[in-house]
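**Q** Sequence:
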Amino acid sequence: MSLLMEKLNDAQKEAACEIDRHVRIVAGAGSGKTSVLMARIEYLINELGIWPNRIMAITFTNKAAQEMKDRLASAIGFEDARHVRISTIHSLCARILREDSEAANLPKNFTIMDTEDQKTLLRPIFKELSTNMDEITHGQAVGYISSNKTGKVSPQMAQDMAHNQRFKQLADVYEEYEKRRQEMKAVDFDDLLLETEKLLKNDEEVRTKWQNRLDFIHVDEFQDIDPIQYQIIKSLVREDANLCVVGDPDQTIYTWRGASVDIILQFHNDFKPCHTVILNENYRSTQNILSAANEVIENNSKRIKKDLFTKLGEGEKITLYEAQEEEREPMYIARQINELSRAGIPYKDMAILYRSNYLSRNVEKVLRSIHIPHRIYGGIRYYDRAEIKDVLSYLRLLAAPDENDPKRKSLDLAVLRVINQPKRGIGARTIEKLSEEARKRDMNLLDVMGNSQTLSPAASKKAQKFYETIQELKDEMKTCELPDLIDAILDYTGYEDMLLEAKEDERLENVKELKQDLALALQNDPNTTLESYLQDISLYTDKNRDDEESDNMVSLMTVHAAKGTEFPVVFISGFNEDVFPSRRSIEEGGAAALEEERRLLYVAMTRAKQRLFITWNNGINFIDRTHRRPSRFLQELTEEYIVDDSRSESSEEQNSNQKTNTHSTKANSALRNRKARRGVHYRKGDKVDHTIYGEGVIVSVDKDIASIAFPYPIGTKKINTNHPTLSKVKADQNSTESAETESLDSAS
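Every letter in the sequence shown is one number past the one before it in UniProt numbering, and letter 211, counting from 1, is 211.
These are computed hints drawn from the structure, not numbers from a lab. Glycine included, each C-beta is placed from N, C-alpha and C at the ideal position. Among these hints, one or two may not hold up.
Stated by the list, open to error - Result set (BS3-like, lysine-lysine): computed pairs, CA atoms no more than 25 Å apart in a straight line: (1) 168 with 201; (2) 478 with 389; (3) 69 with 234; (4) 149 with 348; (5) 423 with 512; (6) 149 with 108; (7) 152 with 234; (8) 127 with 465; (9) 119 with 389.
Claimed, not checked - Listed next, with one range per pair, are the computed distances between beta-carbon atoms: (10) 99 with 10: 40 to 46 Å; (11) 238 with 551: 46 to 52 Å; (12) 423 with 159: 21 to 27 Å.
Produce the entire structure from the sequences given, and follow the hints as far as they go.
**A** Here is the structure:
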C-alpha cells in the first residue's frame, strides 16, 4: 500500500479505490478531499497500471490546479505527474478548441480575451455610441454580456427583451461587441465554455475522439458547477469510462454565478451505477464547532445528510456576544484579539468574517484606532472604495467655505472626482477649458462652472447644471440632519439611480453605510460638524497605509472570500437579521435563498479550527431608523455548544469613558431572553414601554411587527415585538387600558 493510501481513513480509502462504479464523494469541510483525489490518482497509476495521460482532473481555479500538480509530483514523481491531465475547466476548453479549431470554425491561433481585453474592445464601440452611453461603464457592459451569454440569450433576444432605454443601449453594445469579436476570431471566457459545449454536442467525431482518450475523469469542487460546465463534462465521459466527482452540497454558495446545488444532488440519476461516499471526519475543527455547524445545516432540506465529527477533542464552546450599541461590537472583537495576541496567538491566525463588504467599515475603524494590524482579504478597504470616495468628494464640496475664501481652490480635486459621477456628458476637452479658465481668473473649478465665459452654450449648460446641483444640496444642508445629507446626495445627483440601474447593490449598501458612519460620529460627539468629520476621515485614511507589508495581520473578509481558508480563530460579525440572512434573501429569494444563506453560515463556522466567536448588535440602524435584531439563525445554535459572553459588556461599561444611553443599560440580552419572550403576546391597544421612545400604545399588529404610537414628536414606529427593547406595561400600571383600546378601535 502506498504512503498516500496509508494515511487515509476507511471512508477515504473507499472513495480512492472505487473504480467499478461512478463515484460521488460528498466531502465535508476539512475532510481531506484533495488527499483523497491524490491518493486515487496514485492508486490508478501505481496499483492498476493506468497510463497517466488516460486520467483527467478538473478544478475551477489555477491555484487549485497547481496545488494538485505539485502534490501529485511529490507523490508519484514529476515524470508521471506531468502526463496527468490536470487543468481548470477553462484551460481544458481552450485545449479542445485549439486542437479542433476547424470543427469549431475558429483559427488555430484564436485569441482568448480576458476582462481587460473585453474592455479594450468595448472602448471604440462606446465612442461610436457616445450619444447614448453616458450612464454605462465598460465593467457593467462586460457583466451584462456575460450574463446574457451564460443564459444563452443572443444579441437579438436581448434587443427584444430590453424593457427600458438603458437595456436597449446595453443590447446595442452586446450586438456590436459580438460582431467585432467574431470578425477578430477571438473568444472570451464565456465563449470558451459555450463553443466547447456546442462542439462536443454537435460533432460526434470530435466528441468520440476526446472520450476515447479518457478512462478516468475527476472533478473537484463539484458543488460549484453550472449547467454549461456540467454538459461539457458529461460529453467527455464515454459509456465505459469512470467519473468521480468531489463536492459538498452544504457548501454551495455561488448560485448567483450560475451554480446549481441540484447537479450534485441528482448526480446519481445521471450516472449509473453510482456509489456515494460520505467523508465526514474533519481534520480542522474541534467538535463543539462542528456540532453547532451540523445542527445549523440540518435545517436545510436540499442536502445529503452527514454529521461532521473529529478526533481533535471537544475544544472550547462557541462564544456569542450581543452588543447593546453598534460600536461596542467591533470593540469587543478588538478586545478579544488583543487578549488572544497576548496569549501567544499571532494576528495572522485570526480572521473576521462578515456577510457583505460594507460591514467592514466599523471593524476597520476600531482596529485602526487601537493599532491592530489588519488587511482586507480579496477586497478594498472601506474608505478606499470608489463609491465612498465619490460621496466623500460631494461632502467636501458641501463643506466648502464661502466663495471669497481662498481655501475654495482646494475644491478642484473633489470636482474632478465627481464631475462625471454619474456621467453628465462633460468631456475631457470641456474640463480642460474649465481648468484653464479657472487659472486665468484665479478661481476654483466649481465657481467657474457656475459662470463660465469660455464654454459653448451646450457645454456651459451642462457645467451650470452641476454647479446648481451643488448649490441645491447646500440649501438642503441648512435644514437637514448631517446623516440625511447622504440621502440628499444620492437623490439630487442621480448617484443612487446610477447604482440601481447598474444593479450595483453592494456598492449602494456601501454608500448607505456612510450615513450610519456619520450618525454614529454625531451620536458620540453632538458637536461634530461636516468639516470635522471629513478631517477625521482624511486622517484615518492617511494613517491606514501603515503595516501594509506585514505578514502578521488579522484578515478581514466576506464569507464568500473565506471559502477554502481556515484560521485557528474566527469571528463572525454582524450576525443580525436583514444582514445574515440578507434582506434580499428574505424578501425576494424565498426558501431557496434562505437555504443558501444557511450554507454561507455553515461555511463561515467551519473556517474556525479552535475558537469561534459570533457577534451582533442591538444598535439603531440610522439608515431606516429601526432597531437591529439578532439573526434568525441564532435560534438554530444549540445551547449545549455555546457560551454567552454578553454579560461582559456590563463590567466594561463601568470602566468605559464612552457615553452610554438608556438603551445600552436597559436592554436585555436577546440570547438570554429569546425563549422567554416567545410567550409574550401583543395585541392592539396594549400599552408598551420602549427603552428609547418611552411609553406608547399598539395601533396594529402584523405577525411579529407592531405599529406603536408614541408621543409627539416621535410618532408611530414599526417595531419587532420580540426585540428586547420592548416590554408590556403591567395591567396595574394601566387602569385606563380598556378605555384607550376602545378609543383606538373607534378611531380606526
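**Q** Please work out if residue 152 and residue 234 have their alpha carbons no farther apart than 25 Å.
**A** holds (19 Å)
**Q** Within a Cα-Cα threshold of 25 Å, do residue 423 and residue 512 meet the stated pairing?
**A** Holds, because 20 Å separates the two Cα atoms, which is no more than 25 Å.
**Q** Is the straight-line distance between the alpha-carbon of residue 149 and that of residue 108 25 Å or less?
**A** holds (23 Å)
**Q** For residue 149 and residue 348, compute the direct alpha-carbon distance and say whether it is at most 25 Å.
**A** Cα-Cα ~40 Å, so violated.
**Q** Can the suggested window of 40 to 46 Å be confirmed for the beta-carbon pair residue 99 and residue 10?
**A** About 41 Å separates the Cβ atoms of residue 99 and residue 10, which means 40 to 46 Å holds.
**Q** So if I understand the rule, the pair passes when the alpha-carbon distance is 25 Å or less; does residue 168 with residue 201 pass?
**A** Roughly 32 Å separates the two Cα atoms, so the pair is violated.
**Q** Verify the proposed pairing of residue 478 with residue 389, using a straight-line Cα cut of 25 Å.
**A** holds (23 Å)
**Q** Can you confirm whether the C-alpha distance between residue 119 and residue 389 stays at or below 25 Å?
**A** holds (23 Å)
**Q** Could you check the hint for me, namely that residue 238 and residue 551 are 46 to 52 Å apart, CB to CB?
**A** holds (48 Å)
**Q** Using the beta carbons of residue 423 and residue 159, state whether their distance is inside 21 to 27 Å or not.
**A** This hint holds: roughly 23 Å between Cβ atoms.
**Q** Are residue 127 and residue 465 close enough, with their CA atoms no more than 25 Å apart?
**A** Cα-Cα ~24 Å, so holds.
**Q** Assess, step by step, whether the Cα of residue 69 is no farther than 25 Å from the Cα of residue 234, and give holds or violated.
**A** Given that 25 Å is the threshold and the Cα spacing comes to 24 Å, the pair holds.
Hint violations for this structure: numbers 1 and 4, all remaining hints satisfied.
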